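Colleague: These are the residues of each chain, in order.
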Amino acid sequence: MGTFVNNAWYVAAWGNEVRRELLPRTLLGQQILLYRKENGEAVALVDRCPHKLAPLSLGELKGDSVQCGYHGLTFDCSGTCIRVPGQRNIPTEAQVRAFPVMEKYNAIWVWMGDPEQADTTAIIDVPHYGDPGWGLVDGQYLHFKSNYLNITDNLVDPAHTSYVHKNTIGNAAGEEVGVKVEQSDSHVLAYRWINDAPQVPLVERMGKLAGNVDRWQYYYLHLPSISYVDFGCIPVGTEPTEANKDRGFRSFSFNFLTPETESTTHYFWLHLRNYHPDDPQASDDVARLMNQTFEEDATLLEFIQREQERTGVREYARIAIDNAPLRIRRQIERLQSKEQSAEAAAMDCEAETAIR
Amino acid sequence: MGTFVNNAWYVAAWGNEVRRELLPRTLLGQQILLYRKENGEAVALVDRCPHKLAPLSLGELKGDSVQCGYHGLTFDCSGTCIRVPGQRNIPTEAQVRAFPVMEKYNAIWVWMGDPEQADTTAIIDVPHYGDPGWGLVDGQYLHFKSNYLNITDNLVDPAHTSYVHKNTIGNAAGEEVGVKVEQSDSHVLAYRWINDAPQVPLVERMGKLAGNVDRWQYYYLHLPSISYVDFGCIPVGTEPTEANKDRGFRSFSFNFLTPETESTTHYFWLHLRNYHPDDPQASDDVARLMNQTFEEDATLLEFIQREQERTGVREYARIAIDNAPLRIRRQIERLQSKEQSAEAAAMDCEAETAIR
Amino acid sequence: MGTFVNNAWYVAAWGNEVRRELLPRTLLGQQILLYRKENGEAVALVDRCPHKLAPLSLGELKGDSVQCGYHGLTFDCSGTCIRVPGQRNIPTEAQVRAFPVMEKYNAIWVWMGDPEQADTTAIIDVPHYGDPGWGLVDGQYLHFKSNYLNITDNLVDPAHTSYVHKNTIGNAAGEEVGVKVEQSDSHVLAYRWINDAPQVPLVERMGKLAGNVDRWQYYYLHLPSISYVDFGCIPVGTEPTEANKDRGFRSFSFNFLTPETESTTHYFWLHLRNYHPDDPQASDDVARLMNQTFEEDATLLEFIQREQERTGVREYARIAIDNAPLRIRRQIERLQSKEQSAEAAAMDCEAETAIR
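Chains as they are written, first to last, in the working numbering: chain S, 12 to 367; chain E, 12 to 367; chain F, 12 to 367.
If you are wondering where the hints come from, they were derived from the structure by calculation, not from laboratory data. Since this is a predicted model, take the numbers as computed values, not measurements.
Which copy? The list can't say, so a pair holds if one copy fits it or any two copies do.
With a straight-line Cα cutoff of 25 Å, these simulated SDA-like cross-link-like pairs (lysine to any residue) come out:
{"hint": "1", "residue 1": "Lys-73", "residue 2": "Gly-189"}
{"hint": "2", "residue 1": "Lys-191", "residue 2": "Asn-100"}
{"hint": "3", "residue 1": "Lys-73", "residue 2": "Cys-88"}
{"hint": "4", "residue 1": "Lys-191", "residue 2": "His-233"}
{"hint": "5", "residue 1": "Lys-177", "residue 2": "Arg-99"}
{"hint": "6", "residue 1": "Lys-177", "residue 2": "Leu-33"}
{"hint": "7", "residue 1": "Lys-191", "residue 2": "Pro-102"}
{"hint": "8", "residue 1": "Lys-115", "residue 2": "Gln-151"}
{"hint": "9", "residue 1": "Lys-191", "residue 2": "Ile-101"}
{"hint": "10", "residue 1": "Lys-156", "residue 2": "Arg-321"}
{"hint": "11", "residue 1": "Lys-156", "residue 2": "Ala-298"}
{"hint": "12", "residue 1": "Lys-156", "residue 2": "Val-57"}
{"hint": "13", "residue 1": "Lys-156", "residue 2": "Leu-34"}
{"hint": "14", "residue 1": "Lys-156", "residue 2": "Thr-37"}
{"hint": "15", "residue 1": "Lys-177", "residue 2": "Leu-34"}
{"hint": "16", "residue 1": "Lys-156", "residue 2": "Glu-320"}
{"hint": "17", "residue 1": "Lys-177", "residue 2": "Ala-331"}
{"hint": "18", "residue 1": "Lys-156", "residue 2": "Pro-35"}
{"hint": "19", "residue 1": "Lys-256", "residue 2": "Glu-215"}
{"hint": "20", "residue 1": "Lys-191", "residue 2": "Ile-93"}
{"hint": "21", "residue 1": "Lys-156", "residue 2": "Gly-40"}
With the hints as constraints, model all of the structure from the sequences given.
Modeller: Below, the structure is given as structure tokens:
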């Protein structure tokens with residue numbers, strides 16, 4: 012069994028990637044086709060003609076429908092075959108799966124599981140999105156050659172920043188500071204405060220504060236695989252209220268992980284900040300520094316993925332900071348077995364109907 | 012079990028590829044060595060020294076024999092070892108398999124199965140080959156990254172030309188015209204007439220006829236994998252006799268498919284035409300347009316091959332035009348089980364001899 | 012089961028490759044990390060952090076210890092974890108394997124098996140190493156895409172030089188001269204004399220002797236995989252005493268094979284000669300011609316490796332010159348089963364202790 016959770020909204024693409032043309036993309040191991048209808052709504056279909064398995068993305072968009080490039084079978088945006096050239100009747104198997112789609116935060120979200128459970132209100136809330144006074148960097152993408160759970164491990168693990176990211180978002184001051192963990196049914200949170208410490212390189216560069224600071228790192232993992240980091244710092248000794256934090260140096264960083272295959276992951280990210288919100292130079296700096304940071308992770312996690320595949324080993328010696336990563340993995344297993352029970356129940360139900 | 016039929020003549024190379032040097036080539040999953048004897052006859056041996064598995068093609072041609080480049084073991088053109096340097100006796104296992112070879116239509120044909128069944132009169136007949144008034148393009152080759160049966164599917168399927176080849180040999184006029192199928196023990200034929208229709212791009216370009224035409228497509232598949240397409244058109248309403256067809260615009264296109272591996276295929280082709288037969292420009296045009304056409308197929312079929320391998324799925328929804336492809340696959344299965352029965356019988360026979 | 016013998020000293024690197032930095036290298040299928048301590052001694056550890064499997068070679072050298080680049084776990088040169096940042100206690104599983112290391116003949120030798128059996132006096136003796144009057148070429152390396160046993164086959168096989176190396180160390184004179192074989196528990200020797208024969212290209216080029224010569228080839232294989240070739244020639248009819256040989260044209264060529272994986276091998280080599288010992292041009296010539304010679308082997312053996320993998324066939328027709336290669340393979344099997352018995356005994360012993 013794989014590691015995917017199907018019943019979730021995943022970012023499939025940034026909005027500007029999906030146009031009036033056929034875009035193929037692999038999501039959760041499935042070949043998916045993305046395009047927009049004439050009215051601008053996005054569509055997601057399985058990218059495989061049920062006749063001869065040709066990718067529909069090699070065909071043509073005809074209005075809101077897709078025509079296969081091999082024999083012209085045509086499917087509407089619900090995946091129903093509406094034409095087989097040269098014959099009247101359409102075989103019932105000539106059907107491709109369509110996925111529920113939403114567009115929010117400039118992103119195209121696809122529900123990969125049971126369509127009946129697709130709740131359009133369940134997409135994560137991004138605070139301050141569109142608010143004046145908050146600068147936005149979005150449309151960012153990296154391709155990780157690693158299973159997504161190695162990345163979620165990493166994204167609830169503030170401790171690694173002292174080593175992997177010492178040139179951007181970490182420094183030695185955090186090395187000995189422990190991490191606390193909380194969780195609910197929908198998320199796992201790992202956090203810590205590093206008080207009265209020198210600024211990390213990125214904060215220093217932005218020049219909003221002077222001297223030592225109290226720094227917080229709140230790493231949320233919204234299950235199954237959206238990471239949400241509340242990061243910032245305030246003058247030493249400031250009371251850490253939300254209002255004071257908003258007056259300090261603060262950012263919200265969202266990393267939308269979408270498994271591509273069991274060994275690769277799409278990494279979409281956006282970033283909101285309360286410093287130099289309207290300065291394009293600051294936006295460029297954030298994009299560059301965060302991409303540099305994530306590429307440091309990508310390099311490391313690719314080595315780990317290869318070593319896991321080579322040895323068959325997945326875990327090893329456990330240490331205190333593994334608390335949050337282990338909770339995520341347990342939650343993922345819980346979500347997977349919930350999906351399997353639902354599938355088994357559905358099959359029983361079908362069998363019973365068949366007997367009657 | 013694989014998909015190959017061994018008892019058949021396959022094109023292994025064009026005649027001018029095989030010279031007084033050692034040419035390695037993979038045919039039906041086997042490493043084969045091709046060369047010419049001093050008298051010009053072509054030879055096909057297994058390209059593997061029985062001593063240490065070195066490819067004989069890394070060795071040297073010595074007269075009509077091949078000397079291994081590792082230890083000098085020498086094999087004559089029947090595959091018999093005639094020298095082991097440093098010793099007198101030659102081990103009986105020091106033998107490589109030799110294959111029956113024919114040269115016809117500028118091509119080197121190899122019989123990959125039981126040598127006793129190799130019938131040199133069984134090579135397919137190419138009509139008008141060498142006739143004055145018929146222009147020839149030969150020596151053409153493409154490498155397909157697809158199992159050969161995906162290509163035979165394609166080559167008895169006139170319907171796909173309206174979509175895949177709309178810039179060369181197809182157009183929209185054929186979209187709704189059905190296909191008829193006939194078969195014998197040695198071939199499957201799919202054909203149709205598209206009457207009173209605009210000329211397809213290639214015909215128009217050649218400028219032999221004017222205005223609408225009656226167009227025929229006869230797609231023969233000579234088992235296991237030689238495709239033979241009789242294609243042409245005549246003025247609307249002309250009686251379709253052979254003589255009238257020969258006076259119209261007509262071509263015979265032969266595609267000699269030789270499986271390389273289960274997932275790749277050698278695609279040798281030649282083409283005879285009754286228009287501008289002596290015009291090198293027309294030959295160049297035919298070579299270019301047909302290669303363009305076949306490369307359109309190659310691209311599509313590579314995607315399909317990869318999707319078949321990825322999913323393990325081979326077939327899906329069936330439609331009317333699958334009639335001929337399905338007949339071919341059934342005939343291939345029939346030929347394969349015939350070969351297996353013969354092999355089993357041979358083994359029984361050996362066992363009985365051993366008991367006595 | 013693989014083909015490796017663990018209880019042996021293997022060259023892991025040339026001395027000048029290992030410095031005050033982290034060098035990853037795969038040996039016998041294991042990821043190994045090499046570096047030098049502050050006092051210059053070389054260290055070999057498993058290159059994998061027991062926490063998350065990150066390669067330690069992506070981390071940093073801290074004094075004589077290695078700090079993982081992911082979370083800062085630090086291991087001393089015995090592989091013991093001495094720090095887990097953010098916590099006091101160190102889990103017992105936080106340990107990486109360290110290997111016995113020796114430095115000799117400018118090479119770093121690693122013992123890959125049971126450390127208790129590592130005998131530092133057991134490294135092979137290289138005659139005339141460092142002697143005046145003997146020219147040295149060392150620091151040479153090639154990467155073979157072949158299992159090491161295909162290479163040991165080759166290195167006790169003087170017969171192949173007539174074919175594979177006819178441009179450097181072989182010629183036609185040797186084609187019909189048989190090979191004698193001797194063996195002990197630690198080595199297999201294949202040798203022959205080719206008397207009153209023209210000089211081979213390399214000898215001729217060096218210009219030490221004139222006219223025909225008596226030539227010897229003594230191919231030792233020190234188990235499991237060090238090849239040692241005593242090669243030379245003397246004027247025709249000279250009595251072959253050690254002293255006369257040393258006055259003739261003589262070289263000792265050592266090839267230290269270290270399996271990288273089951274299908275690839277590190278090939279370290281050094282060469283001692285008694286001709287033009289202090290002439291850098293002669294050294295350059297030897298390096299160039301020997302590398303050319305070994306690359307001829309590498310090309311051939313890569314084809315053989317691929318054919319073995321493709322067909323699953325390892326051996327085939329046997330001829331007289333296979334005597335020495337077959338003895339080596341039997342000796343390797345003997346060494347492997349000895350290792351397995353020792354492992355089984357150790358496990359029994361542990362089990363017994365556990366019961367008590």
